[in-house]
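**Student:** Residues per chain are reported as follows:
There are 2 protein chains.
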Amino acid sequence: MTKCMNLRSLSKTISQIENDRPKSLKILSELYAKKRGVPILGITGLPGAGKSTLVDHLIHHLRGQSKTVGVIAIDPSSPFSGGALLGDRIRMQRHATDEGVFIRSLGSRGAHGGLSQATHDAALCLDAYGFDQIIIESVGVGQTELDIMSLATTTVVVLVPEAGDAVQTLKAGLMEIADIFVVNKADRPGAEQMKIMLEAMVAMDSKMGTWLAPVLLTKADKGSGIAELWKAVLQHGEILKKDPAHAKHQEALRRAQFLEMCGEAVKQHLKEKLISDKKLKAILEKVAKEEVNPYEALKKILPSFVRRGRGR
Amino acid sequence: MTKCMNLRSLSKTISQIENDRPKSLKILSELYAKKRGVPILGITGLPGAGKSTLVDHLIHHLRGQSKTVGVIAIDPSSPFSGGALLGDRIRMQRHATDEGVFIRSLGSRGAHGGLSQATHDAALCLDAYGFDQIIIESVGVGQTELDIMSLATTTVVVLVPEAGDAVQTLKAGLMEIADIFVVNKADRPGAEQMKIMLEAMVAMDSKMGTWLAPVLLTKADKGSGIAELWKAVLQHGEILKKDPAHAKHQEALRRAQFLEMCGEAVKQHLKEKLISDKKLKAILEKVAKEEVNPYEALKKILPSFVRRGRGR
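Chains S and W, in that order, are what the protein sequence lines are.
For reference, each letter of the first sequence is one residue, going 1211 to 1522 in our numbering.
For reference, each letter of the second sequence is one residue, going 1211 to 1522 in our numbering.
Take these hints with a grain of salt, some might be off.
Any copy will do: because identical chains look the same in the list, a pair fits if it lies in one copy or spans two.
[As the list claims (entries may be wrong)] List of simulated lysine to any residue pairs, SDA-like, C-alpha gap at most 25 angstroms: (1) Lys-1277 with Asn-1216; (2) Lys-1510 with Glu-1482; (3) Lys-1510 with Ala-1243; (4) Lys-1483 with Ala-1498; (5) Lys-1277 with Met-1411; (6) Lys-1488 with Leu-1512; (7) Lys-1452 with Met-1471; (8) Lys-1458 with Lys-1499; (9) Lys-1488 with Ser-1514; (10) Lys-1491 with Leu-1512; (11) Lys-1432 with Arg-1464; (12) Lys-1405 with Lys-1441; (13) Lys-1483 with Ser-1219; (14) Lys-1483 with Glu-1461; (15) Lys-1481 with Ser-1239; (16) Lys-1441 with His-1459.
Worth flagging that the hints you see were computed from the coordinates, not collected in a lab.
Note that the structure is predicted; figures quoted are calculated from it, not measured.
Let the hints inform the model, and build the full structure from the sequences given.
**Tutor:** Dropping the structure here:
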């Protein structure tokens, strides 16, 4: 981090964008101009896998190297999100007074479809504000939550030794997004077998010729295996830099993000119109009361919104 | 079910709507006209709670009463979705040749934000085609997956006796959506304590004055507790019919669904324009290559899409 930053103003900026995105385009544009392309580490896995403890120790490890860390937590069961057991919350407190660490939780329900966007924006804020490393912790189930991992430069999938859990996890689509596997709570029975099974799966299903996802054993509650994990993250980052497929992938990601951002903007605009415009509001209320067929109503409304827009 | 239906044509209709919604408005409108308001039972809970086994036995129970059942599975780990262990799949086969049962899995990744809409549409299809009962099975984590449960008339949250699991589940937002709790795998230690704990929580946090969510014990793998569960579902349905708050809630739901549907329609329209229109496509490519600031590009594009639309 090059300059002394103001964490309170950072927090305010993220909230402002989250609460009123349409009015925050100017801020987002300025942040984008300051963006440096900080690597994003994604940590995902089923509830109870120990993701937050792992993140806690990763922060500690990075702080030991004087690196500043910005964390975005999207796991509803994460202690970062404030929903956890007292023990967890106290454990996390050790970073509370550290100016080199910033933790933000996202993912309150109700922000329909807006969670991916909010995470993207928050990551942009952390990047522009000058953190050395960004970490996104997200629960490894759910369409939105899995999609968010596409923001990560490197994605770590955290499992526990119980075999059933692993099977569930892999079924849930985690296999394809893993750059690194971590078998956490490795002092439990079955850790070694799990490692062997995962390594066999990785060997069969190598998503990239240049990188075979390693399988690491950690005991996050004791801080064991953290240094090795961080080493693997750095190695993966180095490989990516030399991989032309990665640059193509980043381009495709930016394309998809822009399409999504534009689409969301018009969607929000129409939703507001439907509530504020008298005529449209009347249709909405008829639909709510089942007095008109919603699909017929849509057919009526749509043309006035989509006729224009043929270029600029 | 009043008439003999053609399951193959139902399957085709759902696929057609899923693949090209903008062109399916006519079909949706016709389906809506046939809609009868069939009750929807939602089954949710963490992966591994035994949701699918429970659904399997519920189907069996309802078939015993000659009721026809349509199931939508949105759990990526559900055997209905095809990702399960062989044993599960074979177990489910017992309904494969039954014309009174239709099972559809949804939730392939990639359909950004479209999962709620797809579930809504599929439920409409099942309703219009004449099933007596609709069941939606959804994994109990993830923003989209939890939101989908708002479609359900009655929501059953399935837990297992392990306390950690319960705590995680309740933190993840399942507490507020539960109309009925099921402690499944009730032959495991801790089932009774879990029941007592849940009952205490329900008593403290009654979301509706007229209904206190009951806590039931089941052993779904043995079919035990299923009849009691179904009885509770029916009781909850009866209570709702007399509850004026429920009618209000349904109205609010239809309002939100219509807003979402209109919003999604214009969003898709804009996304297609951005790819098909030459000028817009050029901007998109510049954004992808980081040659222009995406927020500046959005500011440029937006006005031509949102200026109109002041009523009809």
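**Student:** Now, for every hint given, state plainly whether the structure supports it.
**Tutor:** Against the structure, the hints:
Proximity of Lys-1277 to Asn-1216 under the C-alpha cut-off of 25 angstroms is restricted to the intra-copy arrangement: shortest distance 17 angstroms within a copy versus 63 angstroms between copies. For a Cα distance limit of 25 angstroms, the shortest separation of Lys-1510 from Glu-1482 qualifies both inside one copy, at 17 angstroms, and across copies, at 20 angstroms. With identical chains, the CA atoms of Lys-1510 and Ala-1243 are at most 25 angstroms apart between copies only, with a shortest distance of 17 angstroms across copies and 41 angstroms within one. For the homomeric pair Lys-1483 and Ala-1498, the shortest alpha-carbon distance inside one copy (16 angstroms) is at most 25 angstroms, but the shortest distance between copies (30 angstroms) is not.
For the identical chains of this complex, Lys-1277 and Met-1411 are neighbours neither inside a copy (34 angstroms) nor across copies (43 angstroms), given an alpha-carbon limit of 25 angstroms. Taking CA atoms no more than 25 angstroms apart as the test, Lys-1488 paired with Leu-1512 passes in both settings, with 16 angstroms inside one copy and 23 angstroms between copies. Taking the closest pair of Cα atoms, Lys-1452 and Met-1471 never come within 25 angstroms of each other, the shortest separation being 29 angstroms inside a single copy and 43 angstroms across copies. Taking CA atoms no more than 25 angstroms apart as the test, Lys-1458 paired with Lys-1499 passes between copies only; the shortest distance there is 9 angstroms, against 49 angstroms inside one copy.
Both within a single protomer and between protomers do Lys-1488 and Ser-1514 lie at most 25 angstroms apart by alpha-carbon distance, with minima of 15 angstroms and 22 angstroms respectively. Taking the closest pair of Cα atoms, Lys-1491 and Leu-1512 come within 25 angstroms of each other both inside a single copy (14 angstroms) and across two copies (23 angstroms). For the homomeric pair Lys-1432 and Arg-1464, neither the shortest alpha-carbon distance inside one copy (38 angstroms) nor that between copies (50 angstroms) is at most 25 angstroms. In this assembly of identical chains, the alpha carbons of Lys-1405 and Lys-1441 lie at most 25 angstroms apart only when taken from the same copy (18 angstroms versus 45 angstroms across copies).
Within a single copy, Lys-1483 and Ser-1219 get their C-alpha atoms no closer than 32 angstroms, and across copies no closer than 38 angstroms, so neither meets the 25 angstroms cut-off. Proximity of Lys-1483 and Glu-1461 under a CA criterion of 25 angstroms is satisfied inter-copy only: 19 angstroms between copies versus 33 angstroms inside one chain copy. In this homomeric assembly, Lys-1481 and Ser-1239 come within 25 angstroms of each other (Cα to Cα) both inside a single copy, at 24 angstroms, and across copies, at 21 angstroms. For the homomeric pair Lys-1441 and His-1459, the shortest alpha-carbon distance inside one copy (23 angstroms) is at most 25 angstroms, but the shortest distance between copies (52 angstroms) is not.
Hints 5, 7, 11 and 13 from the earlier list are contradicted by this structure; the remaining hints agree with it.
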